[in-house]
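In the order they appear, the protein sequences are chains A and B.
With UniProt numbering as the guide, the letters of the first sequence map in order to residues 1 to 153.
With UniProt numbering as the guide, the letters of the second sequence map in order to residues 1 to 176.
Calculated directly from the structure, the hints in this document are not laboratory data.
Any given hint could turn out to be false.
Going by beta-carbon spacing under 10 Å, a handful of chain A positions derived as facing chain B [to be verified]: (1) Val45; (2) Gln49; (3) Arg60; (4) Phe90.
These numbers were taken from a predicted model, which means no experiment stands behind them.
Even for Gly, the Cβ is constructed at its ideal location relative to N, Cα and C.
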Amino acid sequence: MLKLLLLAVLLVLSPLAAAVDAHQMATPELQNTYESINAELRCLVCQNQTIADSNAELARDLRRQVGEMLTQGKSKQDIINFMTQRYGDFVLYKPPFKGKTTLLWLAPGLFLLSGVVTVFFVVRRRKTAATRVSINTEQQKKVSRLLDEGDGV
Amino acid sequence: MLKYLIPLAIFTVLAVFLGLGLKLKPSEIPSPLIGKPVPVFSAPKLDNPTQNLSAADLKGQVWLLNVWASWCVSCREEHEVLTQFAQQKAVTIIGLNYKDDPAAAKNWLQSLGNPYDISIMDQDGRIGIDWGVYGVPETFVVDKQGIVRYKHTGPVNAEQIQTIFLPWIAKLKAEA
Numbered sequence: 001m002l003k004l005l006l007l008a009v010l011l012v013l014s015p016l017a018a019a020v021d022a023h024q025m026a027t028p029e030l031q032n033t034y035e036s037i038n039a040e041l042r043c044l045v046c047q048n049q050t051i052a053d054s055n056a057e058l059a060r061d062l063r064r065q066v067g068e069m070l071t072q073g074k075s076k077q078d079i080i081n082f083m084t085q086r087y088g089d090f091v092l093y094k095p096p097f098k099g100k101t102t103l104l105w106l107a108p109g110l111f112l113l114s115g116v117v118t119v120f121f122v123v124r125r126r127k128t129a130a131t132r133v134s135i136n137t138e139q140q141k142k143v144s145r146l147l148d149e150g151d152g153v
Numbered sequence: 001m002l003k004y005l006i007p008l009a010i011f012t013v014l015a016v017f018l019g020l021g022l023k024l025k026p027s028e029i030p031s032p033l034i035g036k037p038v039p040v041f042s043a044p045k046l047d048n049p050t051q052n053l054s055a056a057d058l059k060g061q062v063w064l065l066n067v068w069a070s071w072c073v074s075c076r077e078e079h080e081v082l083t084q085f086a087q088q089k090a091v092t093i094i095g096l097n098y099k100d101d102p103a104a105a106k107n108w109l110q111s112l113g114n115p116y117d118i119s120i121m122d123q124d125g126r127i128g129i130d131w132g133v134y135g136v137p138e139t140f141v142v143d144k145q146g147i148v149r150y151k152h153t154g155p156v157n158a159e160q161i162q163t164i165f166l167p168w169i170a171k172l173k174a175e176a
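When you get a sec, could you build the whole thing from the sequences and use the hints?
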């Protein structure tokens, strides 16, 4: 039982031990760029992780590539271009806005707009429904008479 | 009437999109390399590391680049299909031995058969990055001009050899 408990605790703690090995850059500025690039590139093996988060072999190689290119004086854009030429836009966590991705980028706005339009019409219909209920005094009398009669049943 | 038609329309649109979504394979990333010249490489041969093979050496012929490794489980699955296919001598097959130990790789070819006309080594995975390799095995079809025309990710099976690769090879061999 104690062994099981120990195992459970160790398993829970294991992500701490698996912290991703990080490249150490020469200056703090380079280190910042290095980390920000890694956080924008997708690990293609484990598709929902960035290469900064992933321990996959490929992620390690891509981090090495980023580090080397930065040391060679390449800009962030150079490195992003290098990666997209090889792996396509899919490697970017933030896809560029272009023909193919128009719908992707505009969809949230369109959904919001359609929601607003729906709410507008629903509210308006409720209002008109509420006004339609108002009746004149004669109808009012009829209603109360009918209600009274109903009491007798 | 409209009250019933609108939900029906929404349902139909959703069903179509979700249905299409089921058929997508998110693990297959389209290669930006298709239609582009092969990445420049020059790599030592597995059986003779003092000799290099480069893309220029293969100009004028249709060839396949098969990315493999002895540590790769699905390569083993593919290997039998590939060795059988190689016996037809339909096309030049180049093996890119990706991030592998040369001794283990040689061993693998010796015990399981060697489908490759030439195998080259990419021990640190740099050639792999240039080709956009992310999931071994991968197979590229290259034409006589050295343009990448088709990429297959994952193990190739016998049916795919017949329905995908042989038609591509025939087509590219007919080109000038």
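Against the structure, the hints:
no., hint, verdict
1, Val45, "6 Å, holds"
2, Gln49, "13 Å, violated"
3, Arg60, "9 Å, holds"
4, Phe90, "5 Å, holds"
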